[in-house]
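Residue numbers (this note's numbering), protein chains in the order written: chain A, 56 to 353; chain B, 1303 to 1618.
To be clear, the hints were calculated from the coordinates, so they are not data collected in a lab.
Quick caveat: nothing in here was measured; it's all calculated off a predicted structure.
Glycine included, every Cβ here is placed at the ideal spot set by N, Cα and C.
Some hints could be false.
Anything over 10 Å on all C-beta distances counts as not near chain A; from chain B, calculated [what the hints assert, rightly or not]:
#	residue
1	1306
2	1307
3	1334
4	1414
5	1457
6	1491
7	1610
Simulated restraints, written as ranges between beta carbons of each label pair [as the list claims (entries may be wrong)]:
#	chain 1	residue 1	chain 2	residue 2	range
8	B	1373	A	173	42 to 52 Å
9	A	241	B	1406	31 to 41 Å
10	A	228	B	1604	24 to 34 Å
11	A	186	B	1539	34 to 44 Å
12	B	1372	A	209	56 to 66 Å
Each chain, letter by letter, is given below.
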Amino acid sequence: MSAFFDQYGFLMVAIVQQALLGMSLWYPLMAGQLSLASIGFYSLGGYIAAIMGTNPWFAPWREALGPAIYPLQWLIALIVSALIGLAVGIPALRLRGIYLALATIAFVQVLNVLVLITDVTGGAVGLFGIPQPFVSRLGYIWFFGPLLVLALIFSARLTRTVAGRSFMAIRDDELAAQAMGISTTFEKVRAFVIGCALAGVTGAMSAPFLNTWNARQSSFDASVACLAYVLIGGARSIWGPLLGAALLVALPEVLRPLKDARLIMNGVVLVVACIYLPQGLAGLLASLRRPGKEAGHA
Amino acid sequence: MNIALFLQNILNGLSIGAVYSIFALGYTLVFSILGIINFAHGAVFTLGAYCTYALAVGDFGLNGLLAGLSMPFRLPFPLALLGGSLIAGITGVLVERLAFRPLRAKGADALLALVSSLGVALIIVNLLQMLVGAEIYSFPSDIFGSLPMAMIVKVGGKVLAVRTVQIIILAVSMVLLVLLAWFMNRTRMGKALQATAENPETASLLGINVDRYIVSTFFISGVLGGLAGTLIGASFGLAGPYFGVSYGLKGLAVIVLGGLGSIPGAVLGGVVIGLGEAFLPPDYSSLKEAVAFIMLFFILLARPQGLLGRQTIQKV
Chain A
56 MSAFFDQYGF LMVAIVQQAL LGMSLWYPLM AGQLSLASIG FYSLGGYIAA
106 IMGTNPWFAP WREALGPAIY PLQWLIALIV SALIGLAVGI PALRLRGIYL
156 ALATIAFVQV LNVLVLITDV TGGAVGLFGI PQPFVSRLGY IWFFGPLLVL
206 ALIFSARLTR TVAGRSFMAI RDDELAAQAM GISTTFEKVR AFVIGCALAG
256 VTGAMSAPFL NTWNARQSSF DASVACLAYV LIGGARSIWG PLLGAALLVA
306 LPEVLRPLKD ARLIMNGVVL VVACIYLPQG LAGLLASLRR PGKEAGHA
Chain B
1303 MNIALFLQNI LNGLSIGAVY SIFALGYTLV FSILGIINFA HGAVFTLGAY
1353 CTYALAVGDF GLNGLLAGLS MPFRLPFPLA LLGGSLIAGI TGVLVERLAF
1403 RPLRAKGADA LLALVSSLGV ALIIVNLLQM LVGAEIYSFP SDIFGSLPMA
1453 MIVKVGGKVL AVRTVQIIIL AVSMVLLVLL AWFMNRTRMG KALQATAENP
1503 ETASLLGINV DRYIVSTFFI SGVLGGLAGT LIGASFGLAG PYFGVSYGLK
1553 GLAVIVLGGL GSIPGAVLGG VVIGLGEAFL PPDYSSLKEA VAFIMLFFIL
1603 LARPQGLLGR QTIQKV
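Work the whole structure out from these sequences, hints included.
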């Protein structure tokens, strides 16, 4: 058993970590809004943790706080991400359709350029030697695991609250939701900011996990991967991001014998899943459980 | 700023802006007809550039399955450009078949088409990487035959460098824009395309075969993408199979700036962003890659329908 954890510990933690990124896109999608911002806030949160963990300016803080510096990093990442999410979300979410996706792509690109030219982020080289609270990679499950459980409980509760139902009403018909007295811009911004905050905290936890942080963390490919977790897992089920991340993170390991062709297979999986699993894996599971019924309403 | 530097910036801005425009037209044509952004457009751009390289130069490097191979023939650049663009056009049609048609047939969510087009982009880019490796290819200096690399013009005692490739880019773009305007406004097929973009259902009631026009749109879009890829490749080299990604994203900024789905908007957006990048003061040159996205952000704040877009009123 311990050999199993030695070999696959990193993989398991990576699945939970990526599932959290998927989850952060799940909230805006719940309100029918496509965002590609998560990877930017993930990068931002990671830089906050990396700078607080390595910059000499924070040395007295690290000494005074000890391991309590980690929750402080998460808190700061959460607040900063939520505030920037608000600034990006308000102009973009007044509009309908694809504009949020485009505004968030722009946000991530601008952030990447800024990171490359700023000294405190280490420029193109990035930041190294970020202090690690755990010896083994598997230990980080104590960071990501509780956060995922919290996020899942929060999501399950959300589908039963006024806020969550407003999100879903906007997804199903924005004009009708507005006519029913829902402030659509407010609700869309709310869903988006929840996602930004979650992505920021995930990033702050990931900087020690990966030990080094640089601009490559927020590539466009990584952005697409986050979206793929949700849509392949199932955007209408709270389990979707976890199922999608489990499949897509484990897949390259399973396909290792294919070598270079493996990335091509990733693309094939995306296309096939979109065509044959429109409700995602969660929808497939639901329809297996209740054959004949239309699957997957959250 | 002296007059020579000003003219130099105008020239650099217009030539790169013209390529942005051609590339963005490919996005905007598909968007105007389907209301979906084709995220495989950047990959088609890359593929077109590599195909032209294969047809015109034909020597492959040390990595990938084609390592060390040479093509049995070389085409002159204009023919290779045409060939590469046509292959890109055919790839555009394949993208439609693979990523868009099956979803349209099922009436699936538009978000899924976005992800499936990203999936096809992954396939194309990684296939290229497998075949020719990730190394940088550049067109040899004699690619335009006996034409010199650049002309030096003196303006007011200062030197102005006019690269041959810039002249070629400007000439090709002009010809292309005139052709496209003629095609869209003067031919039966172009008018049918516009009708389909306006309202697919009405168009199909009027006897227009909507599926056929969607395929044609993807073909034209692919040709434009491949052409833009080649022109960028001839100007700056082919920096690996991923080099289309950043142009793909910049193209999105261009179409939003000009107005989603607007053809003149895509042209104007490309030129504005090209000039914006060229006139960036040297002190801020590290921000060059951010210019397009900063512009995108401000246009969303100030005029979300873009410079030339129509404001649509949502009706129930």
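Checked hints:
Every CB of chain A lies more than 10 Å from the CB of residue 1306 of chain B, the least distance being 29 Å, so the non-interface label holds. With a closest Cβ-Cβ approach of about 24 Å to chain A, residue 1307 of chain B is found to remain outside the 10 Å limit, as its non-interface label requires. The claim that residue 1334 of chain B is not at the interface with chain A holds, since no C-beta of that chain comes within 10 Å of its own (minimum 13 Å). The beta carbon of residue 1414 of chain B is not kept farther than 10 Å from every beta carbon of chain A, the shortest such distance being approximately 4 Å.
The claim that residue 1457 of chain B is not at the interface with chain A holds, since no C-beta of that chain comes within 10 Å of its own (minimum 33 Å). A cut-off of 10 Å between C-beta atoms confirms that residue 1491 of chain B is not in contact with chain A; the least separation is 27 Å. Here residue 1610 of chain B stays apart from chain A, with its beta-carbon at least about 17 Å from theirs, past the 10 Å limit. Checked against the given bound of 42 to 52 Å, the beta carbons of residue 1373 of chain B and residue 173 of chain A, roughly 45 Å apart, stay inside it.
At roughly 34 Å, the beta carbons of residue 241 of chain A and residue 1406 of chain B sit within the given window of 31 to 41 Å. Taking 24 to 34 Å as the suggested C-beta distance range, the pair residue 228 of chain A and residue 1604 of chain B conforms, at roughly 29 Å. Hint check: residue 186 of chain A to residue 1539 of chain B, Cβ distance near 41 Å, so the stated range 34 to 44 Å holds. Range check, residue 1372 of chain B to residue 209 of chain A: Cβ separation about 60 Å, and the 56 to 66 Å hint holds.
In summary, the structure is inconsistent with hint 4 from the numbered list given earlier, while agreeing with all the others.
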